[in-house]
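Residues per chain, in single letters:
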Amino acid sequence: METGRQGDFLIMRFSDGEDLLEGMKQALKANEIDAGIVLGGVGMLKNPGLSFYVGGGKYDPIALTGEVELCALNGNIATVDGEIFVHAHATVGRSNGEAWAGHLSGGKVHMTAEIAVMALHKKMVREFDGKTGLRTLRFTQSGGETA
Amino acid sequence: METGRQGDFLIMRFSDGEDLLEGMKQALKANEIDAGIVLGGVGMLKNPGLSFYVGGGKYDPIALTGEVELCALNGNIATVDGEIFVHAHATVGRSNGEAWAGHLSGGKVHMTAEIAVMALHKKMVREFDGKTGLRTLRFTQSGGETA
Amino acid sequence: METGRQGDFLIMRFSDGEDLLEGMKQALKANEIDAGIVLGGVGMLKNPGLSFYVGGGKYDPIALTGEVELCALNGNIATVDGEIFVHAHATVGRSNGEAWAGHLSGGKVHMTAEIAVMALHKKMVREFDGKTGLRTLRFTQSGGETA
Chain A
149 METGRQGDFL IMRFSDGEDL LEGMKQALKA NEIDAGIVLG GVGMLKNPGL SFYVGGGKYD
209 PIALTGEVEL CALNGNIATV DGEIFVHAHA TVGRSNGEAW AGHLSGGKVH MTAEIAVMAL
269 HKKMVREFDG KTGLRTLRFT QSGGETA
Chain B
149 METGRQGDFL IMRFSDGEDL LEGMKQALKA NEIDAGIVLG GVGMLKNPGL SFYVGGGKYD
209 PIALTGEVEL CALNGNIATV DGEIFVHAHA TVGRSNGEAW AGHLSGGKVH MTAEIAVMAL
269 HKKMVREFDG KTGLRTLRFT QSGGETA
Chain C
149 METGRQGDFL IMRFSDGEDL LEGMKQALKA NEIDAGIVLG GVGMLKNPGL SFYVGGGKYD
209 PIALTGEVEL CALNGNIATV DGEIFVHAHA TVGRSNGEAW AGHLSGGKVH MTAEIAVMAL
269 HKKMVREFDG KTGLRTLRFT QSGGETA
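Chains as they are written, first to last, in this note's numbering: chain A, 149 to 295; chain B, 149 to 295; chain C, 149 to 295.
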């Protein structure tokens, strides 16, 4: 992977075969970014690890294999127990144009992928929430409840 | 909903059952943001109100019910007659991975949703355009016609 | 097209019938932006030119015609041989809600489209890579190899 950085903005360019989420985590660590926004991602993935949240902390894997275009990547960067965690949802396109989408649990880059993230300096953490079974995003300096 | 803010960047974390567009509007109001860019959104929605524009000011509702992963949220924030208006298009994924997409007319959060927006200080307004039947985005200090 | 700019952030509002990628290129040129991030896009397209990369520099066109909602636009702006190049992947929704996605090779705006980009001041270039057949994104001032 190669990265280009300008202040709070970081672009990562992946090479064929690299693990997308693992690579993002490494680049974020190297750039000392532990909170941020995933601004977008394009490129290709092979056997993208899409999944669907069914509750109780469980994600059902989505049966999608082969090479796909990565067409949108949304999400954010926070920490779980002090460790960088990338929460991302992906939209991918198959060779016939059909789009699939889900929570991104894994997957390797095919050919190349270009990911843009933005660092935040206010910390965000994920804490277990018994009601949803999820590690819910929390703001250590909250803007307060607005609703 | 909880929000975390850093300068022009605002992250909203919704709880189960909250109305997404209404909640965004409330958080924007509380944060005095009336122009901006929707940078992305992830989480889940229940009975997402997707629709398709057919002209003449009419959106046809898309028949999609149940719980879906919110995989991409694009759009912007402007005012219509002085009132904050969020224009967003959503891409969602069903439990089988199938993606659906459209103009977001409504819908409640399922489990949680995390939305990132960026405030702009130059105002943007929406004004009715007879040709398309839409409230077209206008820049009060335009960068000028480039084409 | 009309544009609104605030510092490094540029919003383009397209009118019916305008070419999306060509229009973006013109607006970027007029705004002297030759590196950046595509933050998102919403609106509608007619006969969107989606395609799928099959290797060896070849994209297979995806057979999708008609009017669709533009629901997500991800990508970036770099130069190829000194010329501005927009690399974007699009997710679109059909009238029945079905999503399609792919590399965006062309397509005209239907009704309107609103695109947000962010300028970067560090240059990014695309250089031919024999291994993938692609013009790979390179950072002229690299953040270095992190993996």
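Be aware that one or more of the hints could be misleading.
Identical copies go unnamed one by one, so any copy, or any two together, can satisfy a pair.
[Stated by the list, open to error] No farther apart than 25 Å at their CA atoms in a straight line, the calculated lysine-lysine pairs in the BS3-like style are these:
(1) LYS256 - LYS270
(2) LYS270 - LYS173
(3) LYS177 - LYS206
(4) LYS206 - LYS270
(5) LYS270 - LYS177
Derived from the structure by calculation, the hints contain no laboratory data.
Okay, the hints, checked on the actual structure:
1. Taking the shortest alpha-carbon separations for LYS256 and LYS270, neither the intra-copy value of 30 Å nor the inter-copy value of 28 Å comes in at or below 25 Å.
2. When the C-alpha separation of LYS270 and LYS173 is checked against a cutoff of 25 Å, the pair qualifies both within a copy, at 18 Å, and between copies, at 23 Å.
3. In this homomeric assembly, LYS177 and LYS206 never come within 25 Å of each other (Cα to Cα): the closest approach is 27 Å inside a single copy and 35 Å across copies.
4. Neither within a single protomer nor between protomers do LYS206 and LYS270 lie at most 25 Å apart by alpha-carbon distance, with minima of 29 Å and 42 Å respectively.
5. In this assembly of identical chains, the alpha carbons of LYS270 and LYS177 lie at most 25 Å apart whether taken from the same copy (16 Å) or from different copies (21 Å).
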